[in-house]
Every structure is written in C-alpha cells, then in structure tokens.
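Peer 1: Here are the chains, one letter per residue:
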Amino acid sequence: MKIKISTLAISMIILIFGGILISSSLGWWKTDTNLKQNNSRYDGIESQLDPAEIRGSFSFAEISDLFSIPLETMAEAFMLPDSVDPQYFYNRGLDGLYGPILAEDQEIGNSAVQYFVALYTGLPYQSSEVVFLPQAAVNILKSQGQLTDEQIKYLNTHTIQIDPNELGNALDSYVEEEHDQGEALVKGTTTFYDVLAWGVSESDVMAVFDGNMPPTNMLVRDYCTQNKLEFAAVKIALQKLVDAAHP
Amino acid sequence: MHHKQKKKGSIATRLRSYIQAFFFGLIALIAVNHSLAEKGEGIPFLSNASLHALCPFGGVVTIYQYATTGNFIQKVHESSFVLMVIAFLTAILFGPAFCGWICPLGTVQEWFSKIGKKLFKKRYNNMMPARLDRVLRYLRYLVLAWVLTMTAVSGQLIFADYDPYFALFNFWSSEVAVGGLIVLAVTLLLSLVIERPWCKYACPYGAVLGISNLFRIFKIKREPSTCINCSLCSKQCPMNIEVENKTSIRDHQCISCLECTSEASCPVADTVSLKAGR
Numbered sequence: 001m002k003i004k005i006s007t008l009a010i011s012m013i014i015l016i017f018g019g020i021l022i023s024s025s026l027g028w029w030k031t032d033t034n035l036k037q038n039n040s041r042y043d044g045i046e047s048q049l050d051p052a053e054i055r056g057s058f059s060f061a062e063i064s065d066l067f068s069i070p071l072e073t074m075a076e077a078f079m080l081p082d083s084v085d086p087q088y089f090y091n092r093g094l095d096g097l098y099g100p101i102l103a104e105d106q107e108i109g110n111s112a113v114q115y116f117v118a119l120y121t122g123l124p125y126q127s128s129e130v131v132f133l134p135q136a137a138v139n140i141l142k143s144q145g146q147l148t149d150e151q152i153k154y155l156n157t158h159t160i161q162i163d164p165n166e167l168g169n170a171l172d173s174y175v176e177e178e179h180d181q182g183e184a185l186v187k188g189t190t191t192f193y194d195v196l197a198w199g200v201s202e203s204d205v206m207a208v209f210d211g212n213m214p215p216t217n218m219l220v221r222d223y224c225t226q227n228k229l230e231f232a233a234v235k236i237a238l239q240k241l242v243d244a245a246h247p
Numbered sequence: 001m002h003h004k005q006k007k008k009g010s011i012a013t014r015l016r017s018y019i020q021a022f023f024f025g026l027i028a029l030i031a032v033n034h035s036l037a038e039k040g041e042g043i044p045f046l047s048n049a050s051l052h053a054l055c056p057f058g059g060v061v062t063i064y065q066y067a068t069t070g071n072f073i074q075k076v077h078e079s080s081f082v083l084m085v086i087a088f089l090t091a092i093l094f095g096p097a098f099c100g101w102i103c104p105l106g107t108v109q110e111w112f113s114k115i116g117k118k119l120f121k122k123r124y125n126n127m128m129p130a131r132l133d134r135v136l137r138y139l140r141y142l143v144l145a146w147v148l149t150m151t152a153v154s155g156q157l158i159f160a161d162y163d164p165y166f167a168l169f170n171f172w173s174s175e176v177a178v179g180g181l182i183v184l185a186v187t188l189l190l191s192l193v194i195e196r197p198w199c200k201y202a203c204p205y206g207a208v209l210g211i212s213n214l215f216r217i218f219k220i221k222r223e224p225s226t227c228i229n230c231s232l233c234s235k236q237c238p239m240n241i242e243v244e245n246k247t248s249i250r251d252h253q254c255i256s257c258l259e260c261t262s263e264a265s266c267p268v269a270d271t272v273s274l275k276a277g278r
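Keeping their order, the protein sequence lines are chains A and B. Once you know that position 119 of the first sequence is 119 in our numbering, the rest is easy, because the numbers rise by one and skip nothing. Once you know that position 205 of the second sequence is 205 in our numbering, the rest is easy, because the numbers rise by one and skip nothing.
It cannot be assumed that every hint is accurate.
[As the list claims (entries may be wrong)] Heads up, incomplete: computed chain A residues facing chain B, CB under 10 Å, no partners named:
{"#": "1", "residue": "Lys2"}
{"#": "2", "residue": "Lys4"}
{"#": "3", "residue": "Met12"}
{"#": "4", "residue": "Ser23"}
{"#": "5", "residue": "Trp28"}
{"#": "6", "residue": "Thr31"}
{"#": "7", "residue": "Gln135"}
{"#": "8", "residue": "Ala136"}
{"#": "9", "residue": "Thr191"}
{"#": "10", "residue": "Asp194"}
{"#": "11", "residue": "Ala197"}
{"#": "12", "residue": "Met213"}
[Unchecked claim] According to the in silico footprint, chain B covers these stretches of chain A (three or more CB under 8 Å from chain B):
{"#": "13", "region": "13–22"}
{"#": "14", "region": "106–114"}
[Claimed, not checked] Below, simulated DSS-like cross-link-like pairs (lysine-lysine); rule was C-alpha separation at most 30 Å, straight line:
{"#": "15", "chain 1": "B", "residue 1": "Lys122", "chain 2": "A", "residue 2": "Lys4"}
{"#": "16", "chain 1": "B", "residue 1": "Lys235", "chain 2": "B", "residue 2": "Lys75"}
{"#": "17", "chain 1": "A", "residue 1": "Lys4", "chain 2": "B", "residue 2": "Lys75"}
These aren't lab readings, by the way, just hints derived from the structure by calculation. Here a beta-carbon is modelled for each residue, glycine too, at the ideal position from N, C-alpha and C.
Next comes chain A alone, as it looks inside the complex:
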C-alpha cells in the first residue's frame, strides 16, 4: 500500500488535531494552570473545595475565582501594597513579603491563606500547625460576623499587627528574592534534589525524617502531605540545614 505526500500531510493534521479534539472531549487536554482546568496540583479542590489543598503556587486570582472571595478582599486581608497586582500575586510570595518583618516563631504564608479562606467561606479546615493572620484579615473576618466564639478566641491570640510602611520596605526584598533564581530557599516548589544540591548531606536530610530518605524527585511539600507532616516545621528544619551548608 502506497501513500502520497498529500495523504501523509492530511493524516498528520487529522491525527494531531483529531487527537487533541478527542482528548478535549474526554477532559484529558489540560494545558494551563487555571484552577478551573483541573491541573493535577488542584486535585481534590474542585470536588471538595477544601482550603487545605490551596498551595503556594496558587495566585490570589485563582483563589478568588475558586472560593468566590473578591480579589480586593484577598489583597486587603493580606495587605498587598498598591504596587503589587493581586491578580498575579502567588501565595508563596507571602513568605518573602512578611518574612523580614515577623518574629522567628511567626509566619504568614500559605497556611494563613488557607485559614483565612476557610473562615471567610465557612468551609471546614483543620490545621496541625499554628497559624497567624494579619490584623487586616482578622478585621475582615470579624466584620462578617460569622466566626464562632472559639475562632474569635483563637484569632485574638494569633493576630499580628503589621505596619504598612514596614511592609512596603519589605516589598523591595520580596521583589529581589522572587527574581533571584539562585536562591537557596525552601518553599513549595523545592524538591529534595534542590536541598541536596544546596549542599545538605543525605544523612542530615534523613535525620529530619526519622532516618528515611525521601525520593529526590519529590517536592518537599508533597512528601509532607503524603506523610502527614507539617510542612512549615519541615521547611524550617530544612532551611536551617541549607543555611548551614550554603552560607
């Protein structure tokens, strides 16, 4: 059986676009990170709307879209400076924004967003770690009048007063940090390979995980989720090792 050039050309077009069309109709064709398009990092979110599934790689726009929280409310709650577009602000940026101005035992990061979303929407949420929220976020939640006495009691002791001017100054370091590709900073997108590449020995990593060496190709966050470990605590432990090995 012989085929012509034109037949091959038509076959290629049909196979490529036909394949894409069929996979689209089956829901397999997913090309971007839009929350509503079921990327694997959103597994579980759309079906259960679980705030605990929110990750550092989510933008405020995605969270706003999925949990029906106005984008302006998200920006106000986390006190984003006017120069930052909340549409393109990612949760992971909070560590860089708040890190320089918070005490060592305090953190406003992805967990804070999860907790804020849960309280704002009334969705169930359980966190094994201590979560702090900025005063602005607490004000928004209290003004809604949906908080239980227990939640108000918790927030009263876990609210952090933030000076907007101080935050504005921290923004400079945040921007620099985001653009520093060589940074040795443990975050949501860090794999164990990164940690080893930053000079931490395997035995030191194993010491953090009770003698187990996680797969090097795995995200630290995914490993924590799978093994029910608190990411924030693991992050701090690994960051100390990284800082020691990568001064």
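Start from chain A and add chain B according to the hints.
Peer 2: Just chain B, lined up with the frame of chain A:
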C-alpha cells in the same frame, strides 16, 4: 514505462513547507499570547498555553515522575502526555514525521539552511568529516539518557535550561535561560553549514522518535528495478541518508520529510515512495 517528471514547485513538494510554516506560526502566536495573558492582555479565542504544555517531549520526561510519585514534573501538563501519545502514534505509522513536518525548531533550521545553501552551494551539508559525523549521530542518545536521568533524579524540567525550542519562542521573556539561548544561537549558526544540526546530533526527542524507523508501518522504499542511479534522492536528504544504496529506509535519522520520493526529488515515477508492506 516510467516517466521522468518535473516536480520543483509542485503542490506536493510545497505542502510540507506550508504545514511547517503553519505550525511555526501557531506555536509562535500561542507563545506570544502566553506572555500577553500573563499581563492580562491575551488575544481572545487563541490558546495561551505555556510552551511546556505544548511539547510532547514534556510527556516523555515526566513518565518516570508520574510513575513513581503520581505527579507531573512542575510546568508539565496533561496536554504534553496527549501530544506524546499522538506523536508516538504518528511515528508508528509514518516514522518521525513529527520532526519533518511539525517541529518548529526543525522548520527554523530549514529556513536557515536556505541561506546556507546559497552561501556554500554544493558544499552545504557536506562539510562534516564522515567519521566524526558517524559518531556524532549517536550523541543525541547520550543527551536523551542525560535528560531522562537528571529529570528523574531531580523532579525538575532540567532540559528547559538548555532547550533551544523553548528559547526560540521565549527569547523575549525572563523565563528563558541563558543556556537555552546559547544552544539556540549555536544551532542556528550551524544551520548555515549543516542541515538540521540540532536534529542530527543533539535532539533527545528526535532520538526517541528516530527509533520508530526500525518498525514503522509505512516505510520509504526504493524500487531498484526502475532506479536510474542518479543519486538525487541521497543528495536531497537533509539527514544525509544514502537512500540510493538502500531498498528500505530504516535509518534512525530519517525524519519522513519525503524529499527523496518520486513525488519530490526522484525523477522516476514510483521509484522512491512511502508504502507499507512489500
């Protein structure tokens, strides 16, 4: 009786160029739209997918990650898997036609080769010492092994930092690595003296698809009884395959461009053609 035929400029020979230009334009538009969409200014009705989502090689490199952790490598999406399957299907049927007809990096190398052909005439694509060329043709399998190993170990898209395809469609963005730009520049410069240098010597995806030449259903075949030994088929092959000395092309470097066939360069009808079976 077999007729000599004039083919230059025929629709059949130009068809590949049109399809290559179409896919180049499509990918370029999507890449630009991706950058625009990040600023909130995307073009309506056009995909704004990232280039990683439209690369079938992304599917290949994430197989191990998916099998061991259940997750894709960062930046790789389901669409890469779908494209990988489609490309494999076309390869089983027609060999690496994806390389010869679709891949925009192959296309841009061919465009540069037109300049090279004008500059160097018959010396073009014949300057590489044969012995060195023979060895270098297997280099892409080493590149493939390195990419797969490093990706499996690190869980990251290691190749993106050196990928000339990504650099070609992202040279204006901060996402592109200097390594990718350097490899792209070297590739384009080499294209002025060698046809498709990236495909021949370094492309890991070409290495994967090239294996299909060993078992593809539709093969390029030469009919010795009607061949007039003019060598045009070999001279026309961008990958320097000696078609004139073979009855069936099983060379791992064939890209199924069909430039050697009787519809394109071979002057005798039904002598070099794409066919299944005997």
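Peer 1: Against this structure, judge whether each hint is valid.
Peer 2: Comparing the hints with the structure gives:
1. Lys2: Status holds, d = 4 Å.
2. Lys4: OK, holds: Lys4(A) within 10 Å of chain B, min 6 Å.
3. Met12: Status holds, d = 5 Å.
4. Ser23: It holds, given that the least Cβ distance between Ser23(A) and chain B is near 4 Å, below 10 Å.
5. Trp28: Interface hint status for Trp28(A): holds (6 Å vs cutoff 10 Å).
6. Thr31: holds, 4 Å
7. Gln135: violated, 30 Å
8. Ala136: Since the shortest Cβ distance to chain B is 25 Å, the answer is violated.
9. Thr191: holds, 4 Å
10. Asp194: This interface hint holds because 8 Å falls under the 10 Å limit.
11. Ala197: holds, 8 Å
12. Met213: Cβ of Met213(A) sits 13 Å from chain B, so the hint is violated.
13. 13–22: holds (count 5)
14. 106–114: violated (count 0)
15. Lys122(B) <-> Lys4(A): holds, 29 Å
16. Lys235(B) <-> Lys75(B): Given that 30 Å is the threshold and the Cα spacing comes to 41 Å, the pair is violated.
17. Lys4(A) <-> Lys75(B): violated, 38 Å
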